[in-house]
Amino acid sequence: MHTSLTDFDMPNEEQVHLAAESFRLLSDPTRIKILWALLQGESNVACLAELADAAPTTVSQHLAKLRLAGLVKGRREGTFVYYSAADEHVRRLLAEGLYHADHIDSDGQTDHQAGDQASAVTVSTAS
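Number 131 marks the last residue of the sequence shown (our numbering); no jumps.
FYI, nobody ran anything at the bench for these hints, they're computed from the structure.
It should be emphasised that the depicted structure is a prediction, and the values quoted were computed from it without experimental measurement.
A couple of the hints might just be wrong.
Beta-carbon label-pair distances, calculated as ranges [said to hold, decoys possible]:
1) S64 - T114: 16 to 26 Å
2) A24 - T114: 33 to 43 Å
3) D11 - Q65: 36 to 46 Å
4) Q65 - A23: 16 to 26 Å
5) Q44 - H107: 19 to 29 Å
6) Q113 - T62: 32 to 42 Å
7) G78 - Q113: 32 to 42 Å
8) E17 - E54: 36 to 46 Å
9) R80 - E54: 18 to 28 Å
10) T10 - R79: 20 to 30 Å
11) T83 - T10: 57 to 67 Å
12) S31 - S8: 31 to 41 Å
List time: in silico SDA-like cross-link candidates among lysine to any residue, alpha-carbon distance up to 25 Å [what the hints assert, rightly or not]:
13) K77 - T34
14) K77 - Q113
15) K77 - A99
16) K69 - A59
Where is the CB? At the ideal position from N, CA and C, for every residue including glycine.
The task is simple: from the sequences and hints, build the whole structure.
What follows is the structure, given as structure tokens:
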């Protein structure tokens, strides 16, 4: 261990694995669109397909993976399932990722100036 690092703390293997799996699932642009739509409020597959500009079967498959990873949850009402983001962590994770992407220049360098007045990516917390 590096002796110069005091109070160094590494996440445990399970945390690392679960975080990596979440990030892997977020590497797909359609999934990001689906999650962003769900952060606006509950929705069904047909509506999400239209919002994400994807086929309903594709959206359904993405939702199944996101649900297994605990990023979305579903609520059955009759023959329909209405999906929503699982919790506030999903909101923050996606918002931070999009905010970071908004600050990457054409050379792939980040431009996070102290006191930066650029618009932050936000989603209201209507529940």
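Verification of the supplied hints:
1. S64 - T114: 16 to 26 Å: violated (35 Å)
2. A24 - T114: 33 to 43 Å: violated (21 Å)
3. D11 - Q65: 36 to 46 Å: holds (43 Å)
4. Q65 - A23: 16 to 26 Å: holds (23 Å)
5. Q44 - H107: 19 to 29 Å: Given a distance of about 23 Å, which is inside 19 to 29 Å, the answer is holds.
6. Q113 - T62: 32 to 42 Å: For T62 against Q113, whose Cβ atoms are near 34 Å apart, the range 32 to 42 Å holds.
7. G78 - Q113: 32 to 42 Å: For G78 and Q113 the Cβ distance comes to about 40 Å; the hint holds.
8. E17 - E54: 36 to 46 Å: Once the Cβ atoms are compared, 40 Å apart, the range 36 to 46 Å for E54 and E17 holds.
9. R80 - E54: 18 to 28 Å: Holds, at about 21 Å.
10. T10 - R79: 20 to 30 Å: violated (47 Å)
11. T83 - T10: 57 to 67 Å: holds (58 Å)
12. S31 - S8: 31 to 41 Å: holds (34 Å)
13. K77 - T34: holds (17 Å)
14. K77 - Q113: Outside the cut-off at roughly 35 Å; violated.
15. K77 - A99: Distance ~19 Å between K77 and A99 Cα, so the pair holds.
16. K69 - A59: holds (16 Å)
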